[in-house]
Amino acid sequence: MKTTELNRRQFLKTTGALIVAFNFFPTSSASAQSMVEPVADVDPKELDSWLAIAPDGTVTVHSGKVDLGTGVETALAQIVAEELDVPFNQVHMVSLDTAKAIDQGITAGSRTIERAGPQLRQAAAAARQELLKLAAERLGSPVERLSVANGVVSDGAKKVSYAQLLGGKRFNKQITVTESGWNMKVAPEVRAKNFRDYKVVGTSQKRVELPPKMTGEFVYAHDVRVPGMLHGRVVRPPTITSKPASVDESTVKNIPGFIKVVQEGSFLGVVCQTEWSAIKAAKALKVTWSEPPTKMPSGPDEVFTILKNTKSLRDQVTVNRGNPDAALGKASKTYEATYRWPFQMHGMMGPSCAVADASNDRVTIYSGTQGSFETRTSVAEMLKLPEKNVRLLWREGSGSYGRLGADDVSEDAVLLSRAVGKPVRVQWMRADEHGWEPKGPAQLDIIRAGVDADGKIIAWDFADRGFPLTAAYGRGLRLLASRQIGMKPTADGNSNGTQGGGEMYTFENQKCAAPLIPWVQADETPLRTGYLRAPGDIARCFASESLMDEIAADQKMDPVQFRMRYLGENKRGADALTAVVKQAAWQERPSPAPASSEAKATGRGVAISNRANTICGAVAEVEVDKTSGKVLVKRFVLSHDCGLVINPDGLKNQIEGNIIQGVSRALLEEVKYDSSGITSLDWTTYPVIRFPDIPEIDIVLINRPEMPALGGGEPSSAPIAAAIANAIFDAVGVRLREAPFMPERVLAGLKKA
Amino acid sequence: MAKILFRVNGKNQTVDVEPDMPLLYALRNDLKLNGPKFGCGLSQCGACTVILDDNAIRSCVTPVSAVQNKSVTTLEGLGSTKNMHKIQQAFVDEQAAQCGYCINGMIMSTKALLDKNPKPTDSQIREALAGNLCRCGTHIRILRAVKRASGQLV
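Chains A and B, in that order, are what the protein sequence lines are. Sequential numbering from -6 applies to the first sequence in the numbering used here. Sequential numbering from 156 applies to the second sequence in the numbering used here.
Hints are computed from structural coordinates only; laboratory data are not their basis. Be aware that one or more of the hints could be misleading.
Computed cross-link-like contacts, BS3-like style, restricted to lysine-lysine with a CA-CA straight-line distance of at most 27 angstroms [stated by the list, open to error]:
| id | chain 1 | residue 1 | chain 2 | residue 2 |
| --- | --- | --- | --- | --- |
| 1 | A | K415 | B | K187 |
| 2 | B | K158 | A | K276 |
| 3 | B | K187 | A | K253 |
| 4 | A | K253 | A | K276 |
| 5 | A | K246 | B | K166 |
| 6 | A | K549 | A | K593 |
| 7 | A | K575 | A | K549 |
| 8 | A | K593 | A | K564 |
| 9 | B | K302 | A | K199 |
| 10 | A | K326 | A | K549 |
| 11 | B | K187 | A | K276 |
| 12 | A | K301 | A | K745 |
| 13 | A | K38 | A | K166 |
| 14 | B | K271 | A | K199 |
| 15 | B | K241 | A | K627 |
| 16 | A | K279 | A | K415 |
| 17 | A | K288 | A | K301 |
| 18 | B | K302 | B | K274 |
| 19 | A | K415 | A | K253 |
| 20 | A | K178 | A | K381 |
| 21 | B | K166 | B | K237 |
| 22 | A | K151 | A | K186 |
| 23 | A | K564 | A | K449 |
| 24 | B | K302 | B | K271 |
| 25 | B | K158 | B | K237 |
| 26 | A | K627 | B | K158 |
| 27 | A | K381 | A | K481 |
| 28 | A | K186 | A | K152 |
| 29 | B | K158 | A | K199 |
| 30 | A | K288 | A | K276 |
Chain A with its partners taken away, still in its complex shape:
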């Protein structure tokens, strides 16, 4: 296939995206859709808004979804190719451009394959139906007698290609569309292919954008350069609202290439001719900040006290069966435990970066944001412009694992550009990124459970106390720079999610709740709360699956058999558990393992999870150094059921990433802070896993082609810490109830034991 023509990244390169002209709504483009005049908001009811067939047969898709390094560009192209019966390499996914793409909702929450997949599938099915109608006329045969292979329609005797039927022309076809964003239903009346006929879906197509990533030809958001572009850096205050009381420009005036210090509210930045000048100026600029109106908490203990003692905004009860309190009163034995999960960070490899031209009232932004349309809205509100005056061209950034500075940074670039009347590129420095990215917040999980005389759980009362997520979202929650210039949030923020508290199991008396605790900081400090991969679920699963393990051990039962007793109504859960223990060659016995006299003890632990309806079973095999307390995960086995699998190898790549990042979060990661601010400001103060400690990984995909395809971007993060905690207990009999599982915590447990 002509991959050099069809690969999106090379396409971008050959069309000059490396040096991008800042024409607002340029009319020339290599795609067939260029004949369609771009409008501020594309109408999803027009089939032409979704896709176009070029004269060479290329299918151009204008998806409102972006690829955050997860491979969804490839997987979505497979879905379109399958439904249209065209070769996979003939489908070209266009990078999101808010002037040309349909708003399919923010790219987040492992919902792209689940939600945008069917939207694109139905649009492609509607296109196929139109093409068959045209072919029937052209060939003089009824539609029922037509078949399609490789974009060529045949009636058995005569043939005509999609390109001949429509190449370069519009469909001019209205389709049915109801609701919007993630919930948009596209052409539901059109019958899509039966999964039994799938040829492209379910195959491990290679990621289309990987070759240019390996050679430096790929254009990341960080690599966008536009004519006349200047360089900016931000200078952040101690808190969002502390104002620069004095700014001494004499400290930077003599830096070669210095252009301007930009100050608006508590937003402060510098613009220079070169990137190095901007870095030096931001560092050298002498600023005295006003006394912060809000102080940071002194440390984790203060945060956990807030979580424990503050009345919740709402309790978010997901399961409420029987009467757990009464059952606890009758139980033969009760168990109660509290689990602490720390603030953690995304730790994106490439600090947030955007290029913006806000020199006039038509604004263009290049950014790697997860929410292109949300960012457009935020910028428009900040500048008090109509949304149609703001155009965001998405370019892939560094992997983000949840909304963060990549969403905030567009506003920084816009403010700096407006101040100097030229396009400006801004990249955060490492300390800006570590310090100011929205963090996955701390959680406090409290469980009470009771068993009857036979050791059967009859009461389960689970409460996950967490903070609302309020940063880096937009749409009422305001991005960082908007807040710095004084715009107030108009929304409260959503919860950290509500799954993972033992809902996988059925107990006679069961309550699972996720009380939402108001965040007293109100995001005034760098301790901002945001969505971090599998938000909330890792902590909840760590708590619920640890206590399940604890009860199993106390009842002298094998932890797998013990769990199976409560999975009767959850076939997918039981299947995932069965699959993972089989792959792990699990040996049935109670935990802990018989004590060993060796300096290093080994153990295995199990956990299961359900996030976004994707089910995982996890088995960790660990080695604990009894002298140092260091935990090494030697092997990790994971079973994964996300319904229909679109691209098995792409999915495995995601799962491996979840496991490795999950091991890192479980063993090492905790944001450090005190009342002066965040003190984890680089990779030495916020260590993450490195090559020597990477475990062997073994993945079992449970494919369910009869089911809809569900997400794989984050669900497998959920059970990792829980399985490791249980494996540590198995190895050395130490039950850790606070993450990360640092050597000193293991040693403290060993001393007590």
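Got chain A; can you put chain B on it based on the hints?
Relative to chain A, chain B alone:
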């Protein structure tokens, strides 16, 4: 400002920059080579790795004046999508990236490793890449890609 002459990917280049400026910005902004990436500016993550003479170095903390008259190889110097270096091809074959922001450092560190040790063991590879961070968790594939590039069984 100072004129600095050095070789990049086999070609003589002169940049007129502040001599204390790290090499990374000369490569990215003056020479438009996007392979090396800014990750930390602290020599902690490896995203900016290039090869100076025969050694993998961190271009984010190496002053451009230190490479005067020396020879630098960047990711672009290994190969292109039309003509990939065997290491780049091995990374594609193993699908060894997710976001790929760290991949420049992984490939350049691998190049420096294999030039010195053409058949490294698994633990030698892990040690050689210990200073390169990957946040997407693509390590297993990267390890396989290095093995493949060295002609060893994956």
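Okay, the hints, checked on the actual structure:
no.	hint	verdict
1	A:K415 <-> B:K187	20 angstroms, holds
2	B:K158 <-> A:K276	25 angstroms, holds
3	B:K187 <-> A:K253	25 angstroms, holds
4	A:K253 <-> A:K276	14 angstroms, holds
5	A:K246 <-> B:K166	36 angstroms, violated
6	A:K549 <-> A:K593	24 angstroms, holds
7	A:K575 <-> A:K549	21 angstroms, holds
8	A:K593 <-> A:K564	37 angstroms, violated
9	B:K302 <-> A:K199	20 angstroms, holds
10	A:K326 <-> A:K549	14 angstroms, holds
11	B:K187 <-> A:K276	25 angstroms, holds
12	A:K301 <-> A:K745	25 angstroms, holds
13	A:K38 <-> A:K166	8 angstroms, holds
14	B:K271 <-> A:K199	31 angstroms, violated
15	B:K241 <-> A:K627	30 angstroms, violated
16	A:K279 <-> A:K415	25 angstroms, holds
17	A:K288 <-> A:K301	20 angstroms, holds
18	B:K302 <-> B:K274	8 angstroms, holds
19	A:K415 <-> A:K253	12 angstroms, holds
20	A:K178 <-> A:K381	24 angstroms, holds
21	B:K166 <-> B:K237	20 angstroms, holds
22	A:K151 <-> A:K186	23 angstroms, holds
23	A:K564 <-> A:K449	20 angstroms, holds
24	B:K302 <-> B:K271	14 angstroms, holds
25	B:K158 <-> B:K237	33 angstroms, violated
26	A:K627 <-> B:K158	52 angstroms, violated
27	A:K381 <-> A:K481	23 angstroms, holds
28	A:K186 <-> A:K152	21 angstroms, holds
29	B:K158 <-> A:K199	44 angstroms, violated
30	A:K288 <-> A:K276	24 angstroms, holds
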